[in-house]
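Number of protein chains: 2
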Amino acid sequence: MIGKHVQALLTETEDTFLIPAANVATLLYNHPLEHAMLILTNVGYSKIPVLDSEDHLVGLISLADIMQEISGLTGFDMQRLEVLTVADVMEVKVPKMTEKDDLETLLRRLVNEPFLPYVDQNNVFLGIFTRKAILKSVNHMVHEIESRYWLVEKEEERKAQ
Amino acid sequence: MIGKHVQALLTETEDTFLIPAANVATLLYNHPLEHAMLILTNVGYSKIPVLDSEDHLVGLISLADIMQEISGLTGFDMQRLEVLTVADVMEVKVPKMTEKDDLETLLRRLVNEPFLPYVDQNNVFLGIFTRKAILKSVNHMVHEIESRYWLVEKEEERKAQ
Numbered sequence: 001m002i003g004k005h006v007q008a009l010l011t012e013t014e015d016t017f018l019i020p021a022a023n024v025a026t027l028l029y030n031h032p033l034e035h036a037m038l039i040l041t042n043v044g045y046s047k048i049p050v051l052d053s054e055d056h057l058v059g060l061i062s063l064a065d066i067m068q069e070i071s072g073l074t075g076f077d078m079q080r081l082e083v084l085t086v087a088d089v090m091e092v093k094v095p096k097m098t099e100k101d102d103l104e105t106l107l108r109r110l111v112n113e114p115f116l117p118y119v120d121q122n123n124v125f126l127g128i129f130t131r132k133a134i135l136k137s138v139n140h141m142v143h144e145i146e147s148r149y150w151l152v153e154k155e156e157e158r159k160a161q
Numbered sequence: 001m002i003g004k005h006v007q008a009l010l011t012e013t014e015d016t017f018l019i020p021a022a023n024v025a026t027l028l029y030n031h032p033l034e035h036a037m038l039i040l041t042n043v044g045y046s047k048i049p050v051l052d053s054e055d056h057l058v059g060l061i062s063l064a065d066i067m068q069e070i071s072g073l074t075g076f077d078m079q080r081l082e083v084l085t086v087a088d089v090m091e092v093k094v095p096k097m098t099e100k101d102d103l104e105t106l107l108r109r110l111v112n113e114p115f116l117p118y119v120d121q122n123n124v125f126l127g128i129f130t131r132k133a134i135l136k137s138v139n140h141m142v143h144e145i146e147s148r149y150w151l152v153e154k155e156e157e158r159k160a161q
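Those protein sequences? They're chains A and B, same order as listed.
Each residue of the first sequence is one higher than the one before, starting from 1 at the first, in this note's numbering.
Each residue of the second sequence is one higher than the one before, starting from 1 at the first, in this note's numbering.
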C-alpha cells in the first residue's frame, strides 16, 4: 500500500496524471497502413492508440508492428501498405486503466508499459497515463519528503517505548 | 536533494540500475540502413544506441529516423535503404550519463528521455539506464517508506519544542 503522505506528495503537483485524448495522436482502425506509417513517422511517439469511429479503444500500433507485417525474405514489401489497414497489424491485447484503478495500480503497470490508455466504463478512450508524467511527480516527491518530514524508524520507536 | 532514507530505499533492491552493454541491442554507425531497419523491426525497442568499431557511443537511431529520411512526396523510397548508412540518419546529440552523475541527475533526466546511455571517461558505451528499472525501485520505495518510518512533520516538531 502507498502511505497517505507519499500519495499526497505524488499527487501534489498535478492531481491527475492524465494526458487528455484531445492531446494524444491516435489512428482509426480502418485507416490504410500507408497513412499510419506517415503518422507514426512524424508524431514523435513509437506507439499510439487505435480507435473506432465512436472513440472506443480497439488497439495499439507501432512502426515496428507495420514493418514486421510487410517484411519478407527479400526485404520490405511496400506495396502491401496500400492494401492493408491498421486493424490488420495492430496489437489488440491492450493493457489499460479505468476509473476503478488507483495510483498504486498505475505505478505498478507502468513498470512494464511506457504508457497506459485510460477508458471509461464503455471503453471510450479518454487519454493516456505516461511514465514521463509519473516520473515528474516522483522527482517532486523524493526531493520534498525528507525536507518536510523526519523519518523515524518504526522499529526504533517501538524499542524506545 | 534526495534524502538518505529515500536514496537507501531506492537503491535497496539493486545498487545499480544499469543494463550492461552486453544485454543492449546496438548498431554500428557504418551499417547499411537496410540492416538497421531489420534490427529495429525485431528488437522490441523503438530507439537503440549506435557505436563505432571501438565501442564509442556516437548516436541513437529509431525506425522513425529512418522512415523520415526515406519519405518523400510520393511515399517511401526503399531503394535509399541500400545506399545510406546508420551514420546518415542517426541522432548525434545524445543525452548521456557518466560516473560523475548521481541518482538525482538520473531521475531528473529520465523525465525527458525513455533511457540514458552510460559511458566511461573515454565515451566507451557501458550500458543504459531505463525508466523501467527506475520505476521498479520507485514502486519498492513508495510501498516501503511508510511501513518502515513514521513521517513526522518538521514544522510541527519545531512548534512542539
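Wrong hints could be hidden among the right ones.
The list makes no distinction among identical chains, and a pair is therefore deemed to hold if it is satisfied within one copy or across any two copies.
To be verified - In silico lysine-lysine, BS3-like type, Cα no more than 27 angstroms apart, as pairs:
1. K100 x K136
2. K154 x K100
3. K4 x K96
4. K4 x K47
5. K93 x K4
6. K154 x K47
7. K132 x K93
8. K93 x K154
To be clear, the hints were calculated from the coordinates, so they are not data collected in a lab.
Evaluation of the provided hints:
Taking the closest pair of Cα atoms, K100 and K136 come within 27 angstroms of each other both inside a single copy (23 angstroms) and across two copies (22 angstroms). For the identical chains of this complex, K154 and K100 are neighbours neither inside a copy (32 angstroms) nor across copies (35 angstroms), given an alpha-carbon limit of 27 angstroms. In this assembly of identical chains, K4 and K96 lie within 27 angstroms of each other by CA distance solely inside one copy; the values are 25 angstroms within and 35 angstroms between copies. Taking identical chains as interchangeable, the C-alpha atoms of K4 and K47 are never at most 27 angstroms apart, the minima being 34 angstroms within one chain and 37 angstroms between chains.
In this assembly of identical chains, K93 and K4 lie within 27 angstroms of each other by CA distance neither inside one copy nor across copies; the values are 33 angstroms within and 41 angstroms between. For the homomeric pair K154 and K47, neither the shortest alpha-carbon distance inside one copy (44 angstroms) nor that between copies (44 angstroms) is at most 27 angstroms. Proximity of K132 and K93 under a CA criterion of 27 angstroms is satisfied in both settings, with 23 angstroms inside one chain copy and 20 angstroms between copies. Taking the shortest alpha-carbon separations for K93 and K154, neither the intra-copy value of 43 angstroms nor the inter-copy value of 47 angstroms comes in at or below 27 angstroms.
Violated hints, listed in ascending order, are 2, 4, 5, 6 and 8; each of the other numbered hints is respected by the structure.
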